[in-house]
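Chains V and B, in that order, are what the protein sequence lines are. One point on numbering: in full-length UniProt numbering, the residue at position 475 of the first sequence is 475, and numbering is uninterrupted. One point on numbering: in full-length UniProt numbering, the residue at position 204 of the second sequence is 204, and numbering is uninterrupted.
Think of the hints as simulated: they come from the structure by calculation, not from any bench. Take the hints with a grain of salt, since some may be wrong.
[Stated by the list, open to error] Chain V is nowhere near these chain B residues, computed Cβ spacing over 10 Å in every case:
1) 68
2) 245
3) 269
4) 308
5) 312
6) 392
7) 447
8) 481
9) 543
10) 652
11) 750
12) 753
13) 782
14) 960
[Said to hold, decoys possible] Now the in silico label distances, taken between C-beta atoms and shown as ranges:
15) B:640 with V:539: 34 to 44 Å
16) B:116 with V:45: 53 to 63 Å
17) B:828 with V:283: 39 to 49 Å
18) B:972 with V:95: 37 to 47 Å
19) V:94 with B:755: 55 to 65 Å
20) B:715 with V:828: 28 to 38 Å
Built from N, CA and C at the ideal position, the CB exists for glycine as well.
There are 2 protein chains.
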Amino acid sequence: MATPEYTPFVFLLLLFQSGVWGVPVCQTPQESPTCGYKSCHATKPGMLNVHLVPHTHDDVGWLKTVDQYFYGDRNDIQHAGVQYILDSVVDQLLKNPDRRFIYVETAFFYRWWKQQTDDMQNTVKQLVNEGRLEFVNGGWCMSDEATTHYSAVIDQMTMGLRFLNDTFGHCGRPRVAWHIDPFGHAREHASMFAQMGYDGFFFGRLDYQDRNRRMVAREQEMLWRASESLTPPMADLFTGILPNGYNPPEGFCWDQSCDDPPIRDDPDLEDYNVDDVVTRFLHIAHGQALVYKTNHIIMTMGSDFQYENANLWYKNLDKLIRYVNQMQSNGSEVNVLYSTPSCYLQELHRVNLTWPLKGDDFFPYADSAHDFWTGYFTSRPALKRYERISNSYLQTCKQLEVLGGPISRKGPFGAGDSETLKKAMAVAQHHDAVSGTEKQHVANDYARKLANGWAHCQVLVSNTLSSLSGSSAPRVYCEHLNISVCPLTETSKKFSVNVYNPLARPVSWPVRLPVNGTAYSISDAKGKAVDSQVVPVSQATAAVRRGRGYAVNELLFQVQAPPLGYSTYSVSLLQNGPPSPPSPLPRAPTAVQNKFLRVTFDRETGLLSSLSNLETQQTVKLSQNFYWYNASDGNNSESIQMSGAYIFRPNTSTPFIISKTSLYLHVFQYNSICMRPTKRSRFIPWFSPWVSQVVRLYTDSRALELEWTVGPVPIGDDLGKEVISRLDSSINSSGVFYTDSNGREVLQRRKDYRPTWNLRQSEPIAGNYYPINSRAYIKDDKDQLTVVTDRSQGGGSIQDGSLEIMLHRRLLYDDVRGVGEPLNETSDIYPEGLVVRGRHLLSLSPPAMAADTHRPLAQEVVLQPLITFTDGELHPSTRLEFSGLQAVLPPAVHLLTVSQWDQDTVLLRLEHQYQASESKEHSQPVTVNLQKLFSTLDMLGVSEMNLSANQWKDEMTRLDWKKPLPKRGGDPSVWEVSLKPMEIRTFLLRVRQR
Amino acid sequence: MATPEYTPFVFLLLLFQSGVWGVPVCQTPQESPTCGYKSCHATKPGMLNVHLVPHTHDDVGWLKTVDQYFYGDRNDIQHAGVQYILDSVVDQLLKNPDRRFIYVETAFFYRWWKQQTDDMQNTVKQLVNEGRLEFVNGGWCMSDEATTHYSAVIDQMTMGLRFLNDTFGHCGRPRVAWHIDPFGHAREHASMFAQMGYDGFFFGRLDYQDRNRRMVAREQEMLWRASESLTPPMADLFTGILPNGYNPPEGFCWDQSCDDPPIRDDPDLEDYNVDDVVTRFLHIAHGQALVYKTNHIIMTMGSDFQYENANLWYKNLDKLIRYVNQMQSNGSEVNVLYSTPSCYLQELHRVNLTWPLKGDDFFPYADSAHDFWTGYFTSRPALKRYERISNSYLQTCKQLEVLGGPISRKGPFGAGDSETLKKAMAVAQHHDAVSGTEKQHVANDYARKLANGWAHCQVLVSNTLSSLSGSSAPRVYCEHLNISVCPLTETSKKFSVNVYNPLARPVSWPVRLPVNGTAYSISDAKGKAVDSQVVPVSQATAAVRRGRGYAVNELLFQVQAPPLGYSTYSVSLLQNGPPSPPSPLPRAPTAVQNKFLRVTFDRETGLLSSLSNLETQQTVKLSQNFYWYNASDGNNSESIQMSGAYIFRPNTSTPFIISKTSLYLHVFQYNSICMRPTKRSRFIPWFSPWVSQVVRLYTDSRALELEWTVGPVPIGDDLGKEVISRLDSSINSSGVFYTDSNGREVLQRRKDYRPTWNLRQSEPIAGNYYPINSRAYIKDDKDQLTVVTDRSQGGGSIQDGSLEIMLHRRLLYDDVRGVGEPLNETSDIYPEGLVVRGRHLLSLSPPAMAADTHRPLAQEVVLQPLITFTDGELHPSTRLEFSGLQAVLPPAVHLLTVSQWDQDTVLLRLEHQYQASESKEHSQPVTVNLQKLFSTLDMLGVSEMNLSANQWKDEMTRLDWKKPLPKRGGDPSVWEVSLKPMEIRTFLLRVRQR
């Protein structure tokens with residue numbers, strides 16, 4: 001044991017040690033933990049050191065639900081029981097102090113931990129303190145990297161790491177990020193990991209061509225510079241590619257799920273094989289050393305749900321180490337040891353080499369020439385949307401927990417909490433959750449968990465809104481407004497509408513409510529009348545409602561809500577009966593416009609024909625239509641790969657057009673003349689019985705909304721279909737387009753090209769698809785056409801000026817990557833195939849101004865207002881408007897996190913939402929005064945944390961990979977916080993409710 | 001813990017406590033073991049007590065070899081690793097003192113034990129002393145019951161139980177016999193278990209009709225009276241039928257190999273199922289109680305190779321017990337507890353009921369109407385024969401170890417031992433070994449192990465014979481004399497032949513040696529010339545030799561050897577060149593005879609036509625021929641069952657005749673006239689290219705020898721074949737025939753009939769097959785025709801006067817009982833199909849005299865002389881004859897075991913080999929004086945043991961099932977040992993080499 005140096009990190013005691021509370025509280029440790037780098041086994045400098053890393057990879061849901069995996073239920077689907085894994089590993093670690101194990105997924109560890117006795121908990125603490133059990137990654141799950149939004153990833157990492165911190169102190173803090181399974185790797189994830197204080201990052205999957213080149217060049221370990229905006233080394237992350245994915249070398253899998261021969265070392269029994277095992281191992285070790293740079297190599301000794309019976313692994317690993325190292329007395333120069341990723345990383349760091357630098361990302365991932373994992377960018381579009389709005393709802397819920405104080409959790413409407421939705425959102429970030437690569441019953445379980453989280457949040461929201469407004473009138477939630485279903489508004493003659501805005505700036509928002517009246521009077525919080533109109537429910541909406549509502553009309557009006565606050569609108573029925581149908585114009589109009597945009601349509605086809613920005617006086621030719629790729633069924637001469645949940649493989653590179661024309665183009669005129677609609681104009685092109693779209697241009701909006709509805713995708717022809725919306729423009733995009741990474745920074749994508757190797761393109765469509773989390777754009781010198789999406793989708797730019805986004809997929813075959821089901825979604829409500837609806841928001845700007853539009857626009861889509869209802873007349877004393885902020889924040893600043901941490905503390909994250917140089921106006925440092933932030937909270941103290949809030953920022957000393965750690969330019973005061981482009985800063989605030 | 005009562009049974013210290021050594025040595029125990037019945041958990045008298053018995057069933061070879069099973073190698077064939085099972089169970093027992101486990105197969109436990117540290121060994125001792133780990137059965141393996149010979153079964157049980165005794169003392173002594181898997185149950189096994197001191201016996205498999213009746217009648221538990229000769233309760237054994245074979249009730253298998261839902265008792269997680277589990281369990285328990293007699297029921301919680309990860313089982317069983325017993329506070333009257341078979345048995349005994357009595361056996365076993373497990377009676381006939389002669393060789397080896405003293409184990413020829421062959425023979429008794437129901441590679445492994453055992457014994461035998469004879473000339477072993485292969489005799493001009501006789505009476509034996517000379521002179525130990533003749537090697541033998549020898553002739557002569565001793569014959573070549581062919585008689589003879597028998601043949605067919613006993617003047621019509629049944633391939637209207645390694649299912653009830661005539665019938669005349677051959681007459685009928693037979697009548701023999709050679713069985717017609725030899729006689733057998741049980745007592749078999757239930761016969765052939773271990777007969781008032789076999793075979797009497805015996809099976813389909821291979825034996829030497837050779841010995845007698853012939857005859861077949869060779873002239877000082885006995889034992893007494901036990905002790909078993917009443921002359925009590933037994937050993941003391949030698953006979957107090965334990969009629973003195981019919985007595989002798 002080394003000399004004690006670290007004190008145990010007891011979070012609550014140390015919480016206020018930092019700056020503003022004066023002298024830090026220190027504890028003399030009773031025991032001397034030697035966890036972390038100090039607990040590593042010694043290596044032998046002159047030898048090839050082989051770091052054996054026993055590990056298990058426990059998917060937080062995939063073929064089974066997370067709880068089925070935990071308990072080992074439904075082993076008929078897959079043999080896997082995490083409760084037993086942890087039982088077994090702890091037992092086996094106790095048998096030999098040399099043994100090591102790493103654990104990754106806190107969602108599982110948490111479940112296990114709360115079932116353990118005090119004795120067992122103490123035993124495990126001891127193992128953690130001695131570095132024998134080490135947490136790596138440590139988030140609630142191992143998130144997907146292609147389809148997750150950074151805000152949800154930060155949340156789930158924060159939750160997992162906080163549990164480890166609260167439970168184990170500093171020995172529970174992972175030093176290494178570990179994304180061994182996700183199907184490609186996002187630069188934004190690396191950036192986040194760096195800001196969370198990780199010293200290194202290891203993964204298993206990358207393009208096979210990339211891997212081959214890196215093996216030859218010994219560039220499987222590198223420094224990833226993961227941001228173009230943040231000052232290095234802030235987003236620099238040492239990144240290593242594991243040698244065998246995350247599996248053991250061939251022939252050395254000793255799990256109960258494997259069949260490799262055990263070490264048979266009793267000479268009295270048959271088949272003594274020690275010599276054979278040692279020879280094979282040395283051969284593999286020497287071979288592996290050839291494709292890495294140092295005299296240290298790592299071997300992952302484990303795989304999916306392994307170590308349920310850890311004895312099999314450890315008993316044989318003990319023998320392997322003994323017998324291989326015995327050969328040293330015969331001149332062998334191979335030294336094998338139990339290790340962990342951080343111990344391996346420490347040795348790489350000690351070697352003090354200069355590592356190659358990586359600037360782009362690891363998308364798309366192909367494991368063979370026709371096997372591009374680009375299908376899951378879109379798989380399960382409904383789940384992807386539900387996850388995204390659940391994030392919005394969770395942020396609102398957490399804000400209202402802070403703004404409401406204790407009454408939010410126990411108030412007039414009962415016990416509410418944000419915890420349930422936090423956990424549901426955390427598991428939904430898993431790389432087989434929002435990714436859409438789980439079995440159908442598991443997807444249902446994720447959705448069920450989210451719905452349960454919503455229910456718990458709704459009580460909390462009701463409690464807080466009741467407290468803030470002074471009205472305890474029952475609050476009604478309508479979760480199906482997107483298909484015009486809301487029992488209250490459909491029947492009530494008088495109701496109020498509360499619009500809560502989770503953004504730090506005011507928003508204006510069009511509200512569309514299902515009603516059966518023909519005229520309503522609406523007044524805002526100040527009693528002022530608000531314009532409204534009533535229009536018939538669209539045919540497309542009626543078709544997808546399936547008996548869940550019977551509104552014949554929609555009531556439309558524009559609402560406004562203050563930052564981090566709400567505004568209340570009162571609605572009264574004036575007149576019943578169907579609306580008088582607006583008289584169609586004598587002939588189909590060819591254009592609509594508002595003060596910002598003008599859109600024209602082709603008279604013959606009804607399709608979009610051009611888009612103009614009236615402010616900047618720029619116009620592009622623009623058409624849009626729907627197509628489908630015929631999914632490969634594997635009956636292909638070149639390879640048998642099918643399109644499936646993971647993989648996108650079109651049978652031909654030319655998609656089939658669904659309809660060359662809109663089936664009909666109606667333009668209704670409301671309130672004002674067609675060309676200058678007061679509220680909006682809308683077009684309802686039906687492209688086919690299973691694809692339709694409403695085009696909306698809102699009065700106050702700089703974006704054109706395309707609301708698409710796709711499904712049930714027909715499969716009567718036995719052809720799997722992957723449906724895209726394609727924009728074709730006159731923009732000279734030169735084979736380049738842009739996609740965001742996890743909703744933040746944008747990366748350039750070039751057709752048939754990868755920045756770090758000479759690509760041999762083998763899939764002209766799938767090989768050019770990239771994940772679009774929140775936006776994509778094409779541009780030339782003059783024009784940038786940006787699409788903001790409402791969920792993660794895959795897309796590409798196959799032709800210059802063209803941008804296609806995949807909306808929905810319905811497939812007939814499994815793609816043999818393990819899920820074992822074709823992605824063929826049906827449900828009770830849609831037994832003939834899932835119907836999915838969503839929105840694309842189009843904007844046109846000069847490139848230098850585009851971010852000024854798409855950044856706030858995307859923010860409004862990600863954090864949408866929460867609309868709640870109360871029936872009848874509100875009590876006159878009701879507070880109709882509220883803002884939690886003292887003032888609007890600067891436009892560059894996004895209030896990323898406001899969340900109750902402990903009784904008196906609030907977790908706050910402020911984010912600069914612009915990249916460096918993307919906006920002349922906004923890509924500048926900006927300062928916020930925390931004292932002047934909240935209207936309802938007194939600030940008693942502040943401590944800055946790392947991004948995941950499990951370390952004080954000033955204690956965050958990451959391994960330095962030959963780069964000096966620059967000192968931050970000081971903030972003007974502890975309260976004045978400055979943010980540079982793309983920076984996120986995380987604070988714990990000690991507060992008191994006013 | 002209860003008051004200590006037993007002293008730890010430290011075998012060496014207590015070894016001489018008994019009678020002849022005076023005052024017993026007693027030890028005050030340091031600890032107070034509460035093993036055995038004292039360690040059982042309390043039950044609740046007013047409730048239904050459910051005894052949960054965690055157990056694993058570890059086949060000592062089946063789909064994998066015994067060492068593969070031990071290590072968990074070849075998990076691709078079957079996931080099973082016994083080393084891990086024992087590791088895991090011990091770990092889990094330590095976690096909760098309430099938990100129990102039973103272990104059965106000492107072959108595995110021994111392997112594991114010797115790899116453990118002292119600490120672990122002490123831990124396990126503690127568990128055994130506390131009754132938490134209990135051994136049941138405890139033999140080296142769980143023997144097959146249909147095809148094993150009692151002497152080998154006693155040996156393997158003795159070896160396993162001795163290991164437990166030596167290791168754990170009295171707490172290691174199993175109280176219960178446990179044959180949960182063997183495919184039918186032999187009465188002789190039950191008799192042996194009773195004599196080994198077991199209090200009860202449990203098994204899982206019996207005829208489905210029998211089981212159904214017993215369930216209705218609540219007769220699944222009974223008292224088995226397992227001998228018609230031994231005085232009750234000497235062979236009485238309480239016998240219980242387990243409720244689910246040996247598996248857990250449906251839905252309650254929590255092994256890693258099962259998919260049943262675990263108990264999910266965390267209300268915070270999904271799928272809480274405690275109520276469901278408890279309800280299902282109570283339902284099953286109540287249902288089971290309906291088919292048993294008492295308020296105690298047993299549930300076997302385990303199965304094949306389960307508990308490799310015992311945590312899964314115990315964690316859920318702990319919960320099951322907790323939650324089911326919690327219901328008692330709500331009025332439930334079910335009490336669940338961890339238990340063992342002995343604890344369950346104790347409760348049954350306490351109930352003090354009168355149990356039904358069982359007198360017959362449990363053969364044949366059918367699990368459904370067309371699924372009779374009667375094929376394995378014959379499966380792998382070559383392995384069955386190899387096992388049988390290995391037993392003979394082992395007995396010789398053990399005798400020579402005693403007779404040779406220490407020099408036998410370390411002498412002029414190096415280190416020899418009997419241990420290796422003991423172990424090989426012990427594993428060969430397993431119910432998937434000699435039974436022939438293992439995979440081919442496993443059968444090969446059993447044979448390889450036996451061969452290795454032979455090699456070790458050969459060194460021992462050479463050492464002893466060298467010591468006893470005073471000649472250290474190298475000793476040559478010829479193991480292929482049955483196919484006339486022996487390099488030494490084929491080439492040598494002068495050699496000596498040593499014939500060792502393991503029986504306690506002198507034997508005369510025809511020797512047949514492969515030679516290339518035409519005339520030899522032979523002299524016996526006294527220098528007297530011995531008649532001999534040289535005949536050509538038969539065509540059949542030449543055909544099966546396959547280049548392994550090139551003798552053209554066979555040298556024939558009769559040898560004699562003294563009891564437990566040898567005689568040496570010297571052989572010198574007189575003349576080279578082929579023998580002058582004996583002139584065929586002018587026409588085929590129709591009869592041969594010696595002084596005991598006369599045999600006639602049909603002139604037209606060449607087949608046997610009659611057999612006469614010349615002494616008793618009785619004659620029966622008798623023909624014999626070969627037939628084959630067409631094995632069902634499952635394409636049958638009634639059921640899809642195929643014939644396979646386990647199951648015999650002929651497609652039709654009429655077998656196909658192979659040839660209606662012998663293809664040619666040559667009678668050669670030797671030395672004397674044909675009708676009175678000096679040495680023997682032989683006939684070589686070829687029935688077809690793949691079936692042949694030699695009929696021999698030896699001068700001194702009361703039996704006619706039919707040496708059959710079968711194979712390669714042709715399968716070019718895609719028909720599986722099951723080849724029989726059928727005797728058809730004029731005996732009026734009235735649907736009855738007789739078969740022995742494990743080579744000892746004989747049971748009556750009646751066609752289409754079972755003694756204990758009204759049989760609905762559904763397979764007219766297979767349903768009338770029974771195991772024949774050593775003999776079968778048919779009889780009427782006057783005539784008994786007995787066939788003694790040289791190995792275990794299946795057979796039946798389908799027509800009156802007929803007796804058929806299955807010789808060989810070659811099948812094209814697996815019979816879906818797990819082995820997963822068709823029984824289609826080939827080998828390197830016989831790639832086109834295995835050729836098998838064997839002998840049937842026929843005798844004809846009046847029924848009351850038949851045993852006088854077949855008992856000694858079968859004994860000679862089981863314990864055949866060992867023939868060894870030395871090349872060249874023997875040194876004149878060589879001792880050419882030796883007997884280890886002072887005198888010949890009485891004819892009724894068989895020297896069953898002579899085996900070195902410890903340095904100064906010898907294990908002796910004396911057996912009365914006649915049944916009560918079967919022989920007027922021999923079925924009488926007989927007395928032996930142990931002092932006068934051995935010629936080379938001084939008797940210093942004697943202690944009588946139970947049959948398995950793990951208890952002093954006078955301490956053997958079995959549970960008394962309402963029967964008084966009769967005191968034995970005292971022996972005349974400690975040295976004068978009397979034996980009643982079918983009695984075996986077991987002694988430890990303290991000896992000194994003279």
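Taking the hints in turn, this is what the structure says about them:
1. The Cβ of residue 68 of chain B sits about 7 Å from the closest Cβ of chain V, inside the 10 Å cut-off, so the non-interface label is violated.
2. Even its closest Cβ contact with chain V, about 21 Å, leaves residue 245 of chain B beyond 10 Å, as expected for a residue assigned away from the interface.
3. With a closest Cβ-Cβ approach of about 5 Å to chain V, residue 269 of chain B is found to fall inside the 10 Å limit, against its non-interface label.
4. Non-interface status of residue 308 of chain B relative to chain V is broken: a Cβ of that chain comes within 10 Å, the nearest being about 6 Å off.
5. Annotated as non-interface, residue 312 of chain B brings its C-beta within 10 Å of a C-beta of chain V; the closest such distance is 6 Å.
6. With a closest Cβ-Cβ approach of about 25 Å to chain V, residue 392 of chain B is found to remain outside the 10 Å limit, as its non-interface label requires.
7. The claim that residue 447 of chain B lies off the interface holds: its Cβ sits roughly 13 Å from the closest Cβ of chain V, which is beyond the 10 Å cut-off.
8. Annotated as non-interface, residue 481 of chain B keeps its C-beta farther than 10 Å from every C-beta of chain V; the closest such distance is 29 Å.
9. In this structure residue 543 of chain B is separated from chain V by more than 10 Å, as the shortest Cβ-Cβ distance comes to about 34 Å.
10. Once the 10 Å rule is applied to beta carbons, residue 652 of chain B is consistent with being away from chain V; the minimum gap is 41 Å.
11. Against the 10 Å criterion, residue 750 of chain B stays outside the reach of chain V, whose nearest CB is about 46 Å from its own CB.
12. No beta-carbon of chain V comes within 10 Å of the beta-carbon of residue 753 of chain B; the shortest separation is about 44 Å.
13. With a cut of 10 Å on Cβ distances, residue 782 of chain B stays outside the contact zone with chain V, its closest approach being about 55 Å.
14. Interface exclusion of residue 960 of chain B from chain V stands, the closest Cβ pair being 43 Å apart, more than 10 Å.
15. Range check, residue 640 of chain B to residue 539 of chain V: about 58 Å between beta-carbon atoms, so the 34 to 44 Å window is missed.
16. A hinted range of 53 to 63 Å for the beta carbons of residue 116 of chain B and residue 45 of chain V is inconsistent with their spacing of about 37 Å.
17. The hinted range of 39 to 49 Å is not satisfied by residue 828 of chain B and residue 283 of chain V, whose Cβ atoms lie roughly 32 Å apart.
18. The hinted range of 37 to 47 Å is not satisfied by residue 972 of chain B and residue 95 of chain V, whose Cβ atoms lie roughly 60 Å apart.
19. Restraint check, residue 94 of chain V to residue 755 of chain B: a C-beta distance of roughly 58 Å satisfies the suggested window 55 to 65 Å.
20. Checked against the hint of 28 to 38 Å, the pair residue 715 of chain B and residue 828 of chain V fails, with Cβ atoms roughly 56 Å apart.
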